[in-house]
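Student: Read off the chains here:
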Amino acid sequence: MEIIKAISVLFILAGCFFFATSTIGLLRFPDLYARMHATGKGDTLAVFLLLIGFSIYQAAHHGAILDSIKLLVVAVFMFLASPTACHAISRAAFRCGVKPWTREGSK
Amino acid sequence: MENFFLGVSIFLCFLVLLCLYRLMSGPTIIDRIVGVGAIGTKTLAVLVLMGFIYDRIEMFLDIIMVYALLNFIGTLAAAKYFEGKGEI
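In the order they appear, the protein sequences are chains E and Y. When the first sequence is numbered by this note's numbering, its final residue is 109 and no position is left out of the sequence of numbers. When the second sequence is numbered by this note's numbering, its final residue is 378 and no position is left out of the sequence of numbers.
If we strip away everything but chain E, and leave its shape as in the complex, we get (with noise of 0.2 Å):
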């Protein structure tokens, strides 16, 4: 019982580091693309994570096998929809004119 609350604290533990790294990047990366990099990748893989992490307690805490599944659902969903919502986003900013960033100096 320990081991698996030992478990799922690893997995939420593992979700908050990617929040966190996910909204550093998104704060000092200089580009808007970048920080579509940023937030697209690590928040899918952050709330997979926490989703997995939440479903793994629910389980073996309560015992609620249904709701862990569907945490699960929902966990399978965000990481379907957030790259998708992700590349639209990225796609209209293109197509809105947003120049990529370049370093001055190389070309």
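Treat the hints with care, since some could be wrong.
Stated by the list, open to error - Under 10 Å between C-beta atoms, here's a sample of chain E residues computed to sit facing chain Y: (1) Lys7; (2) Gly17; (3) Tyr59; (4) Leu68; (5) Asp69; (6) Thr86; (7) Ala90.
To be verified - Restricting the straight-line Cα-Cα distance to at most 25 Å, the calculated cross-link-like pairs of lysine to any residue (SDA-like) are: (8) E:Lys101 x E:Ala36; (9) Y:Lys370 x E:Asp69; (10) E:Lys43 x Y:Ile363; (11) E:Lys43 x Y:Leu307.
Hint data in this document are derived by calculation from the structure and do not stem from the laboratory. In this text the structure is predicted, and so the values were computed from the model without any measurement. Every residue, glycine too, gets a C-beta built ideally from N, C-alpha and C.
Chain E is already provided as a structure; the job is to place chain Y on it using the hints.
Tutor: Here is chain Y on its own, set in the frame of chain E:
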């Protein structure tokens, strides 16, 4: 275990505050949309945590499903609008 969930949700709320900076200062409108998308996924995680803290996971599960769908469709609608508009 509840205190752990509380700590994680407070940490996520702090990250949402950081994302607000991008919302304020984002040069283009699409930066702001990306910031809203990031805040949306973090709110989704905080909702799950609140479900665990208040021990009412069934209610929060439905809210989470609807919220994930709306966040996705909102970003798609904004993308479609800006593609049609052609310039920022």
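Student: Which numbered conditions among the earlier hints are violated in the structure presented, ordered from lowest to highest?
Tutor: Of the numbered hints, just 9 does not hold.
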